[in-house]
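Given only the sequences and the hints, what does the whole structure look like? Please build it.
Protein chains: 2
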Amino acid sequence: MGPTLSDSQLSAELFRPFLADSGQDDSRPRYRRLFRAFQQAILSGLLPAGAKLPASRALSSELSLSRNTVKTVYEMLQAEGYIETRHGAGSFVSTQLPELKPLSEQLAPVRSGARQAQLSRLADRLAPPAGRHRLRRGDLLLPAMPALDQFPWQSWQRSVARAGRAMKFETESGGLGLAALRQQIVDYLGVSRGIRCDAGQVLICSGSQQAIWLALSMLVDPGEPVLVENPGFPGIDGALAAVSADRVPVTVDVDGFRLLDGLQAAPQARLALLTPSRNYPMGYTLSLQRRLELLQWAEASGGWIIEDDYDSEFRFDGSPLTALQGLAADAPVIYAGTFSRILHPAIRLGYLILPRSVVDAFATARAYLDGGLSLLPQLALADFMASGQFSGHVRRMRKLYKQRRDLLTEMVQARFGKRLQRVASDGGMHSVYLLPDGCDDRELYRQALERGVGIRALSHYYHHHVGQPGLVIGFAGYDAPAMAEGLDRLQPLIEQALGN
Amino acid sequence: MGPTLSDSQLSAELFRPFLADSGQDDSRPRYRRLFRAFQQAILSGLLPAGAKLPASRALSSELSLSRNTVKTVYEMLQAEGYIETRHGAGSFVSTQLPELKPLSEQLAPVRSGARQAQLSRLADRLAPPAGRHRLRRGDLLLPAMPALDQFPWQSWQRSVARAGRAMKFETESGGLGLAALRQQIVDYLGVSRGIRCDAGQVLICSGSQQAIWLALSMLVDPGEPVLVENPGFPGIDGALAAVSADRVPVTVDVDGFRLLDGLQAAPQARLALLTPSRNYPMGYTLSLQRRLELLQWAEASGGWIIEDDYDSEFRFDGSPLTALQGLAADAPVIYAGTFSRILHPAIRLGYLILPRSVVDAFATARAYLDGGLSLLPQLALADFMASGQFSGHVRRMRKLYKQRRDLLTEMVQARFGKRLQRVASDGGMHSVYLLPDGCDDRELYRQALERGVGIRALSHYYHHHVGQPGLVIGFAGYDAPAMAEGLDRLQPLIEQALGN
Numbered sequence: 002m003g004p005t006l007s008d009s010q011l012s013a014e015l016f017r018p019f020l021a022d023s024g025q026d027d028s029r030p031r032y033r034r035l036f037r038a039f040q041q042a043i044l045s046g047l048l049p050a051g052a053k054l055p056a057s058r059a060l061s062s063e064l065s066l067s068r069n070t071v072k073t074v075y076e077m078l079q080a081e082g083y084i085e086t087r088h089g090a091g092s093f094v095s096t097q098l099p100e101l102k103p104l105s106e107q108l109a110p111v112r113s114g115a116r117q118a119q120l121s122r123l124a125d126r127l128a129p130p131a132g133r134h135r136l137r138r139g140d141l142l143l144p145a146m147p148a149l150d151q152f153p154w155q156s157w158q159r160s161v162a163r164a165g166r167a168m169k170f171e172t173e174s175g176g177l178g179l180a181a182l183r184q185q186i187v188d189y190l191g192v193s194r195g196i197r198c199d200a201g202q203v204l205i206c207s208g209s210q211q212a213i214w215l216a217l218s219m220l221v222d223p224g225e226p227v228l229v230e231n232p233g234f235p236g237i238d239g240a241l242a243a244v245s246a247d248r249v250p251v252t253v254d255v256d257g258f259r260l261l262d263g264l265q266a267a268p269q270a271r272l273a274l275l276t277p278s279r280n281y282p283m284g285y286t287l288s289l290q291r292r293l294e295l296l297q298w299a300e301a302s303g304g305w306i307i308e309d310d311y312d313s314e315f316r317f318d319g320s321p322l323t324a325l326q327g328l329a330a331d332a333p334v335i336y337a338g339t340f341s342r343i344l345h346p347a348i349r350l351g352y353l354i355l356p357r358s359v360v361d362a363f364a365t366a367r368a369y370l371d372g373g374l375s376l377l378p379q380l381a382l383a384d385f386m387a388s389g390q391f392s393g394h395v396r397r398m399r400k401l402y403k404q405r406r407d408l409l410t411e412m413v414q415a416r417f418g419k420r421l422q423r424v425a426s427d428g429g430m431h432s433v434y435l436l437p438d439g440c441d442d443r444e445l446y447r448q449a450l451e452r453g454v455g456i457r458a459l460s461h462y463y464h465h466h467v468g469q470p471g472l473v474i475g476f477a478g479y480d481a482p483a484m485a486e487g488l489d490r491l492q493p494l495i496e497q498a499l500g501n
Numbered sequence: 002m003g004p005t006l007s008d009s010q011l012s013a014e015l016f017r018p019f020l021a022d023s024g025q026d027d028s029r030p031r032y033r034r035l036f037r038a039f040q041q042a043i044l045s046g047l048l049p050a051g052a053k054l055p056a057s058r059a060l061s062s063e064l065s066l067s068r069n070t071v072k073t074v075y076e077m078l079q080a081e082g083y084i085e086t087r088h089g090a091g092s093f094v095s096t097q098l099p100e101l102k103p104l105s106e107q108l109a110p111v112r113s114g115a116r117q118a119q120l121s122r123l124a125d126r127l128a129p130p131a132g133r134h135r136l137r138r139g140d141l142l143l144p145a146m147p148a149l150d151q152f153p154w155q156s157w158q159r160s161v162a163r164a165g166r167a168m169k170f171e172t173e174s175g176g177l178g179l180a181a182l183r184q185q186i187v188d189y190l191g192v193s194r195g196i197r198c199d200a201g202q203v204l205i206c207s208g209s210q211q212a213i214w215l216a217l218s219m220l221v222d223p224g225e226p227v228l229v230e231n232p233g234f235p236g237i238d239g240a241l242a243a244v245s246a247d248r249v250p251v252t253v254d255v256d257g258f259r260l261l262d263g264l265q266a267a268p269q270a271r272l273a274l275l276t277p278s279r280n281y282p283m284g285y286t287l288s289l290q291r292r293l294e295l296l297q298w299a300e301a302s303g304g305w306i307i308e309d310d311y312d313s314e315f316r317f318d319g320s321p322l323t324a325l326q327g328l329a330a331d332a333p334v335i336y337a338g339t340f341s342r343i344l345h346p347a348i349r350l351g352y353l354i355l356p357r358s359v360v361d362a363f364a365t366a367r368a369y370l371d372g373g374l375s376l377l378p379q380l381a382l383a384d385f386m387a388s389g390q391f392s393g394h395v396r397r398m399r400k401l402y403k404q405r406r407d408l409l410t411e412m413v414q415a416r417f418g419k420r421l422q423r424v425a426s427d428g429g430m431h432s433v434y435l436l437p438d439g440c441d442d443r444e445l446y447r448q449a450l451e452r453g454v455g456i457r458a459l460s461h462y463y464h465h466h467v468g469q470p471g472l473v474i475g476f477a478g479y480d481a482p483a484m485a486e487g488l489d490r491l492q493p494l495i496e497q498a499l500g501n
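Protein chains in written order, with the numbering used here: chain A, 2 to 501; chain B, 2 to 501.
Treat each hint with caution, since some may be false.
Facing chain B, from chain A, some residues (calculated, C-beta under 7 Å) [unchecked claim]:
1. 82
2. 122
3. 127
4. 162
5. 211
6. 219
7. 303
8. 365
9. 374
10. 500
In case anyone wonders, no lab produced these hints; they're calculated from the structure. Bear in mind the structure is a predicted one, so any value in this text is a computation, not a measurement. Glycine included, every Cβ here is placed at the ideal spot set by N, Cα and C.
Right, dumping it as structure tokens:
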């Protein structure tokens, strides 16, 4: 039996500080804080093994707590093995606790200060690049920002409410995702993109980000080359780094992806990841000849094509082009689509269209990696699509975005005339304007961001940022006043860059 | 100029088959099907380069299509480069198309029939084990199935409806997840688990599956040992395989995880993944002594502990035990929790509580890997928790599950007396019953499954399935009649296994 603490004054002093509300960051109730006070006092040796705890009545009055609170704490301490209660004699700090000195020599040697360095190589590969800018909400002229004010909120809310009820009858969605949503996607793609597939080939993902990462994970071994577009969408670089792919930049010209250049650089490449319908950011469309070459190469080499079809809905002249996926039956093409750009960034739903031969492998892997996604947004989107609201919204936005594209063209023309040349594109949600060689478009980007304008620097999309300087200006999400406001803020910066 | 097809009869014969509705699997409109018919005829050489297409008027009457449909198809063919239209002369198959012979010797050699084998090593590691059983909905006595009939659907639907409206004002949730939900989780864990953290340490995941996979990905390099429980939850094996971890099974006894055994097998191990509050499936709780040993080892070795706290809400005797995470300040513990078991499998939301030192790395990686989750279920759950419905539901379920646990105990007792011994546990959603050595519990599991009873074989949870035979019987999701029905179906199988 060790020393005893019969003086409840002492214990009160000991424990009162722990009861002081330590503010916002401590949401724990008083019994939790008192429990922790005892716990830490015992573990630190302040209350040694065998020490007698104050009677609950005395302590409760000293601390102005209800006696039940103190009793609860003592019960918890006993349940977790910190104290022993002897009938009639009171409660004592357990004598069974291990001493808090380092364990035996069975243990690995101390790696002091190694805590920060204890992450995996994957974590290192994905470490955030220094000086990365986070775009704030409300930034003007953001590329890829849809017209949120045009979103049919009432219809969406009806679909969401129905989803909340429908959830009652669903349990798990399985590896592929909600069947009803997959069927809606099949119907939509058949009409809008000429893609022919069945619901068993559709895998619902958390945006195209997870879709493309999953496809890369399933197709690429560490060190293998992957042909990607230059310029291209840097959002894929994290996924490429995650699988340790050898990123092979391939020049994109007005006819799109120059496959043969890529194969000269990496003859053994068996995977190409590209945006055939509309290169990001330039907006070039892959020519029919290059499409056929690409498919023939994939067939002949046993390779794969990942077709990132991020916003082909928004082709302004004529109907959307046939997807590469739809060009040949059973082509080795994995098609990735997303709803975040069409509908709303918060929806975060995308999908893969898979060749039948790989469906099981993909579904199994996804089940292990994230176990499938919440059914609620899948149910809501399936209902929204079945109601016809989705295709109607896409039609309206195609019309609106074309008007906004033309409006931006006029406004830029009015301000800068021929000094700012727009890269011709048949659609999309942003326009690209070229700057004279030698302009520092990334400095212009930083200055614009400080003024709340979310344009991007064209060179940012080139390998090692070496490429034609220019501006990527989003128009889809902004009406005339917002567009004018954004351009007003940009004008002095651009004039400066143009050297006037 | 090649041969011409002036006879529209021929063209009609050529294209009529493509227009026949090829049933459910073809949701494409007629213009898409006619487009594809021309596309395939051109690519196959059936319509050679230079061939003249029939006049739209003639073809439309032959095929009983509107002339606009045919005109649309011709416009699409021209837009995609299949045909050229010469004013006054009509439309001709493009002479610019590449011949469809394999490309030049720049290409990799053909790997014939290699298509099936073209997946990554990750895909191979995650390939589904042969003879895996998929549980059907409506199976009785499923472990981890909550009482869905008790779920407060009306309150949930109100929260969902509010989430549908709130979505309007949210865009992206960022790497960590919705801030409001993270704060609700902080408040809940402070009260229920004695965990002290702030919302900046919470990362929302797609169930605990993604949470644990992400933690493993960030902490383990290929080939590194990971200490796991034996018996333990096999759902982690896919994630362990995904990161190529060296899975080191560690015996679990009534005091829980035997760390020192594990360190003898793998002295350099720096990661332990376990369920301290209640071992799955046995229900043993990690003793205080072993908790302190575990923390000391992690501190001393620069290692990590992943604490999978999958259902500690359902401790029936007294309040839930303190989490390992809450035992020491800034302990190297990553805590994983889930809502799927507490609320509803379709919710698919879980979370990690991270030490501050690794938050940025985890948030960045998750942003690259899945870009964050849909906001809708996060908004709904945050509202549901803020409304108090969540904690009320947990309290009700704790009470109900205790009753159901006792009910199952009585029913099994009444049927089998002492021949079936229950493993003592202080809570959970299932009970474990031991079978005599030599019983083939996995055969019993298969037979039960055929009868619509979703019990599990205890040996299934042991390394290489070598361990005490027994039955894992879920009680949480089933009322008295369902429980009786399940046991009635089981009784003959168990009697047989017991050798009567």
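Hint check results:
For residue 82(A), the shortest C-beta to C-beta distance to chain B is roughly 4 Å, which falls under 7 Å, so the interface hint holds. Taking 7 Å as the C-beta contact cut-off toward chain B, the hint placing residue 122(A) at the interface holds, the least distance being around 5 Å. Interface hint at residue 127(A): satisfied, since its Cβ lies 4 Å from the closest Cβ of chain B, which is below the 7 Å cut-off. Because the smallest distance between the Cβ of residue 162(A) and any Cβ of chain B comes to about 5 Å, under 7 Å, the interface hint for this residue holds.
For residue 211(A), the shortest C-beta to C-beta distance to chain B is roughly 4 Å, which falls under 7 Å, so the interface hint holds. With a cut of 7 Å, the hint placing residue 219(A) at the interface with chain B holds, because the nearest CB-to-CB distance is about 5 Å. Interface restraint check: residue 303(A) against chain B, minimum CB-CB distance 4 Å, threshold 7 Å, status holds. A cut of 7 Å between beta carbons decides the hint on residue 365(A): the least distance to chain B is about 5 Å, and the hint holds.
The restraint placing residue 374(A) at the interface with chain B holds, with a minimum CB-CB distance near 6 Å, inside the 7 Å limit. Because the beta carbon of residue 500(A) sits about 36 Å from the nearest beta carbon in chain B, more than 7 Å, this interface hint is broken.
Of the hints listed earlier, the one the structure fails to meet is number 10.
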